[in-house]
Amino acid sequence: AQSVTQPDIHITVSEGASLELRCNYSYGATPYLFWYVQSPGQGLQLLLKYFSGDTLVQGIKGFEAEFKRSQSSFNLRKPSVHWSDAAEYFCAVADNNNDMRFGAGTRLTVKP
Amino acid sequence: DTAVSQTPKYLVTQMGNDKSIKCEQNLGHDTMYWYKQDSKKFLKIMFSYNNKELIINETVPNRFSPKSPDKAHLNLHINSLELGDSAVYFCASSSLNQPQHFGDGTRLSIL
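First to last, the sequence lines map onto chains A and B.
Numbers 1 to 112, taken from the numbering used here, label the letters of the first sequence in order.
Numbers 113 to 223, taken from the numbering used here, label the letters of the second sequence in order.
By construction, these hints were calculated from the structure, which means they are not laboratory data.
Honestly, I wouldn't trust all of these hints.
Short derived list, chain A residues pointing at chain B, Cβ under 7 Å [stated by the list, open to error]: (1) ALA1; (2) PHE34; (3) VAL37; (4) LEU46; (5) ASP85; (6) ASP95.
Chain B regions said to be covered by chain A (calculated; three or more residues, Cβ under 8 Å) [unchecked claim]: (7) 119-126; (8) 211-222.
Ideal Cβ positions, reconstructed from N, Cα and C, are used throughout, including at glycine.
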C-alpha cells in the first residue's frame with residue numbers, strides 16, 4: 001500500500017524567508033500527490049495536486065511543489081513566507097482508487 | 113454553501129454511550145470518507161463509500177459503523193464509546209481521481 005513520510009515534524013522560519021517542506025512517498029505506480037494545509041481548529045484545505053504532466057505544480061497562496069520521480073519526492077516550496085502561513089501541512093498520496101494516505105504532518109511556525 | 117458539512121462540530125459525552133456524527137456533501141461526488149485525527153495530528157482513513165457501497169474498511173473496531181443512506185450522506189455511528197475514541201473525525205468526499213474535499217471536523221471528547 002502507498003505511504004508518505006514527512007521527515008520534519010516542526011519547522012520554524014522567519015517571515016519573508018523561503019520555505020521548503022519535504023515529502024517522500026512510496027507507491028509502485030504513478031502516484032497522485034497532494035499537499036493540504038490545516039489551520040488550528042480547522043479542516044484540511046487543498047493547496048495543490050499532482051496527477052500527471054508538468055512536474056512543477058502551482059497551488060494557492062503562492063505555494064508550489066515539484067514531483068521528482070527519481071527521488072520519490074514531492075516537496076512543497078514558497079519563496080517568501082507570511083505570518084498567516086503558520087499551520088500544519090500534510091502531504092498525501094493516493095492510488096487510482098482514490099485511497100489516500102497522509103504523512104504525519106509538518107508544523108510550520110513563522111517568526112516575526 | 114458549505115460543500116462538506118459535518119454535525120455536530122463538538123461532541124462531549126461519557127464513556128459507554130452511543131453517538132452519531134452526520135456528514136453531507138453537496139458536490140455531487142460519488143465517494144465519501146471518514147478519517148480520524150488523533151492528538152498528534154495523525155490522519156488515518158477509517159472508511160470510504162462509493163455510491164453507498166463500502167470500499168475501504170481499515171482496521172477499525174466494529175463499534176464503529178458507517179451508514180450511507182444515499183451518495184450525498186455518510187454518517188458514523190459509534191457504540192460503547194471508549195476514552196481512546198477521543199479525536200477529531202473528518203468527513204471528506206471526492207470524485208474518482210480528484211482531490212478530496214474535507215469537512216471542518218467533529219471534535220469528540222470522552223469523559
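> Close enough to count: is the Cβ of A/LEU46 nearer than 7 Å to one in chain B?
Replying inline: Holds, about 5 Å.
>> Please verify the coverage claim for the segment 211-222 of chain B: does it have three or more residues whose C-beta sits within 8 Å of some C-beta in chain A?
In response: holds (count 7)
>> Checking hints one by one. Is A/ALA1 an interface residue toward chain B, by the C-beta closer than 7 Å rule?
In response: 10 Å, violated
>> Hint A/ASP85 vs chain B: min CB-CB distance below 7 Å?
In response: Hint violated; A/ASP85 Cβ to chain B Cβ min 17 Å, cut 7 Å.
> Hey, does the A/ASP95 contact hint survive, CB to chain B under 7 Å?
Replying inline: 10 Å, violated
> Would the stated hint for A/VAL37 survive a check requiring a Cβ distance to chain B of less than 7 Å?
Replying inline: 11 Å, violated
>> Under 8 Å between beta-carbons, do enough residues of the segment 119-126 of chain B, three at least, approach chain A for the coverage claim to hold?
In response: Not satisfied, violated; 0 residues make the cut.
> Does the CB of A/PHE34 sit less than 7 Å away from some CB of chain B?
Replying inline: 6 Å, holds
Consistency note: the structure conflicts with the earlier hints numbered 1, 3, 5, 6 and 7.
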